[in-house]
Structures are given as structure tokens and as C-alpha cells.
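Peer 1: In order, the protein sequence lines correspond to chains A and B. If you're matching positions, the first sequence starts at 39 in the working numbering and goes up one per residue. If you're matching positions, the second sequence starts at 39 in the working numbering and goes up one per residue.
Worth double-checking, as some hints may not be accurate.
Unchecked claim - Below, a list of computed lysine-lysine pairs in the DSS-like style, where the Cα atoms sit at most 27 Å apart: (1) B:K65 - A:K65; (2) B:K65 - A:K93; (3) B:K93 - A:K126; (4) B:K93 - A:K93; (5) A:K146 - B:K126; (6) B:K126 - A:K93; (7) A:K146 - A:K126; (8) B:K93 - A:K146; (9) A:K65 - B:K93.
Worth flagging that the hints you see were computed from the coordinates, not collected in a lab.
There are 2 protein chains.
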Amino acid sequence: MNLPTGPRETLSLAELQSLIDTMYSRKDEARGIDGTFMWLMEEIGELAGALRDGKPDELAAEFADVLAWLATIANVAGIDLQQAVLEKYGNGCPGCGDMVCCCDLATKP
Amino acid sequence: MNLPTGPRETLSLAELQSLIDTMYSRKDEARGIDGTFMWLMEEIGELAGALRDGKPDELAAEFADVLAWLATIANVAGIDLQQAVLEKYGNGCPGCGDMVCCCDLATKP
Numbered sequence: 039m040n041l042p043t044g045p046r047e048t049l050s051l052a053e054l055q056s057l058i059d060t061m062y063s064r065k066d067e068a069r070g071i072d073g074t075f076m077w078l079m080e081e082i083g084e085l086a087g088a089l090r091d092g093k094p095d096e097l098a099a100e101f102a103d104v105l106a107w108l109a110t111i112a113n114v115a116g117i118d119l120q121q122a123v124l125e126k127y128g129n130g131c132p133g134c135g136d137m138v139c140c141c142d143l144a145t146k147p
Numbered sequence: 039m040n041l042p043t044g045p046r047e048t049l050s051l052a053e054l055q056s057l058i059d060t061m062y063s064r065k066d067e068a069r070g071i072d073g074t075f076m077w078l079m080e081e082i083g084e085l086a087g088a089l090r091d092g093k094p095d096e097l098a099a100e101f102a103d104v105l106a107w108l109a110t111i112a113n114v115a116g117i118d119l120q121q122a123v124l125e126k127y128g129n130g131c132p133g134c135g136d137m138v139c140c141c142d143l144a145t146k147p
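Given these sequences and hints, build the entire structure.
Peer 2: This is the structure in C-alpha cells:
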């Protein structure tokens with residue numbers, strides 16, 4: 039996948055998966071889901087650290103890393119992230135059904 | 039944010055953040071980043087379980103949940119996920135610089 043050059047204003051979840059597929063799937067298929075999940079966990083830890091005391095650009099980079107590893111695991115597992123999100127959240131909160139969630143704060147939506 | 043009705047073929051990262059912002063930001067701002075991160079961790083655990091032995095639709099739903107909680111934390115923290123991904127991965131692997139990563143399998147890209 040080649041992204042258009044120059045500033046972009048949008049990146050779809052499908053484009054994210056395609057970009058990460060081009061970049062990493064060959065390696066991550068060899069690594070397998072378990073090994074790739076371990077890298078995701080490392081990034082989750084780094085995100086936690088950056089949420090605690092990271093500069094904004096460091097925090098943004100950690101979010102990007104978590105998304106990239108999540109996308110590569112979805113690629114290896116054959117999951118369409120865009121379809122998954124639209125099916126679960128596209129018509130409202132899966133808990134209460136409203137577009138502005140009214141589930142109790144202590145319950146999982 | 040109102041998503042157009044009917045089948046959709048695309049959802050941008052910005053639309054994902056906007057959708058989740060409408061649905062959950064009021065609650066998650068009250069909950070705070072630490073409390074919201076705990077819910078993300080619970081979803082990460084459920085994703086691990088579904089990767090192990092979930093049916094495809096269950097696995098897709100767990101990916102959607104992780105993305106939703108990640109998006110809501112990004113919203114509370116004021117991070118633009120789309121911009122973050124494009125800046126870090128839009129021009130190639132941040133490790134080797136290539137569009138098809140050639141970093142060693144044992145190293146973090």
C-alpha cells in the first residue's frame with residue numbers, strides 16, 4: 039500500500055490495517071499471535087508510562103504504537119477492525135443502545 | 039456525531055474518536071484516565087482469551103472493545119490518533135524507514 043504523499047487529513051481503519059499489513063505482516067505471521075501479543079503488551083506498558091508523565095508528542099507516539107500492534111494482530115488473526123467497530127458501536131452503545139451512553143458509571147458499557 | 043445510516047465501507051480514526059467521544063467522553067472524563075485505563079486492561083485480557091479460543095465474531099467484538107477504550111483514553115488525554123499514526127508510521131517503519139519493515143525479527147521496530 040502506498041499512501042498518497044503530502045499532508046493527509048484522514049486515515050481509515052482499513053487503511054491503517056493495510057499500511058501495517060504491508061509493513062509488518064510478513065514478520066508478524068512468522069512471529070505468531072502469541073509473540074506479537076507480547077510486543078503489544080510492552081507498548082501498553084509504555085502507553086501507561088506516557089499517560090503518567092509523557093510529553094504530548096511522546097504520548098501520541100505511544101498511542102500510535104499500540105494501534106500499530108493491535109492492527110498487526112488483527113491482520114494475523116484475519117479480523118476487519120473497521121467492520122468490527124461499526125458492528126459493535128456503529129448503532130449506539132452496546133450496553134444501553136444510546137448514542138450518548140447512559141449506562142451506570144460503575145458498569146461496563 | 040451521527041453516522042450516516044445504512045451500510046458503511048469506511049470509518050476513519052477521526053470518526054472513531056468522534057463516535058466514541060459522543061458516546062463515552064462525558065463518563066470517561068468523570069472516571070479519569072486511570073480508571074478508564076483499568077477498563078482497557080480488562081478488555082485486553084478478554085482479547086487475549088478470544089485470540090486463544092474465541093469464535094470469529096467474538097474475537098472481532100473484543101478487538102472493537104479494545105479500540106473503543108483506546109479511543110476514549112485518547113479523547114480524555116487530548117491525543118489525535120489519526121495524526122499520531124500518520125506521523126509515526128505514515129512514511130515507513132519507524133525502525134528501518136522502509137515501507138516493508140526489514141528490522142531484525144528480535145528487535146522492536
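Peer 1: State for each hint whether it applies.
Peer 2: Hint-by-hint comparison with the structure:
| no. | hint | verdict |
| --- | --- | --- |
| 1 | B:K65 - A:K65 | 39 Å, violated |
| 2 | B:K65 - A:K93 | 25 Å, holds |
| 3 | B:K93 - A:K126 | 15 Å, holds |
| 4 | B:K93 - A:K93 | 40 Å, violated |
| 5 | A:K146 - B:K126 | 32 Å, violated |
| 6 | B:K126 - A:K93 | 15 Å, holds |
| 7 | A:K146 - A:K126 | 14 Å, holds |
| 8 | B:K93 - A:K146 | 22 Å, holds |
| 9 | A:K65 - B:K93 | 25 Å, holds |
Hint compliance for this structure: hints 1, 4, 5 are broken, all remaining hints hold.
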